[in-house]
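Peer 1: Sequence:
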Amino acid sequence: MNQTLTVKNAFGIVLVSVLVAILAGSVPFFFSTTFLPEENTRTTSLLSLFFGQTFMIVPLLLFLHLKKEPLAERLRLQPVSTTVLSATTLLSVGIVIISDEIDRLTNLVLPQPDYFNQLENMLRFDSVLSVFFLLSTISILAPLGEELLFRGFLQKILEESWKDITKAVLITSIFFAFIHMNPYWIIQIYLMGILLGYLAWRTGSIIPSFILHGLNNTFALFLNNATPSIEHIYSWNGHVTPLLLAIAVGLIIFGFKRLNTHLEILS
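Taking the numbering used here, the leading residue of the sequence shown gets 1, the next gets one more, and so forth.
If you are wondering where the hints come from, they were derived from the structure by calculation, not from laboratory data. Just so you know, nobody snuck in bad clues.
List time: in silico DSBU-like cross-link candidates among lysine-lysine, alpha-carbon distance up to 35 Å:
id, residue 1, residue 2
1, K68, K167
2, K67, K163
3, K8, K167
4, K8, K68
5, K257, K167
6, K257, K163
7, K8, K67
8, K68, K163
9, K8, K163
10, K167, K67
DEER-style ranges, computed between Cβ atoms:
id, residue 1, residue 2, range
11, I174, I140, 22 to 28 Å
12, A72, D164, 21 to 27 Å
13, L85, N121, 31 to 37 Å
14, A226, Q188, 18 to 24 Å
15, F11, G238, 38 to 44 Å
16, I265, L119, 40 to 46 Å
These figures come from a predicted structure and were not determined experimentally. C-beta atoms are modelled at their ideal positions from N, C-alpha and C, and glycine is treated no differently.
From just these sequences and the hints, can you work out the full model?
Peer 2: So this is what it looks like as structure tokens:
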């Protein structure tokens, strides 16, 4: 490993990237009072989300460019086979459904805080503009940027430095959970980070982890905008229907088995 890419540098880049995202996200709020009427605060929030996720990855890319590091190798931007893609997609669908049921069960013990209502309102599809910004930001930019930064960059350096895959995945997942600054979901995000880290390590690419991350975000976004008729089909007494849960478990088992069998053949 390039000696300039130390563990200390890696954590430093992650912290700088998060700070840049926060600063970039605050820009629309500074200009909103001048260029946007007060009733357009939702537009400002969407722009803030978009700007923050867009610029988060800039410090990392700039750092690697200055160090003349090969981006594809350093960030795990390696192609994967169609078998890996299909297996990852299947298990990801299963995981996001089970994850949603875990959230519903958690809500029974720890009710969602009031600020979640504001978050849900911000994630509503109420215009063409909101659909564009939410899908591009939540479904693409956020998963891509976070996978590049955490699984592609930080976790890979920790793996190479510590020679301990488990420790690298767990520590990366802790940082991944904390940067979301959401105490209510911190355990769920941490567990999701472990799954994402495993996929990136096991396949040697962030493409599978991006698929899971992107599907998880997209699923949550569409569920937040689901019509009563769709919610009626999907849920039962406030929980995911048992049939869907059974299908989800089957998809996870089949997907992981197919993925591991294929990777063992390749190795």
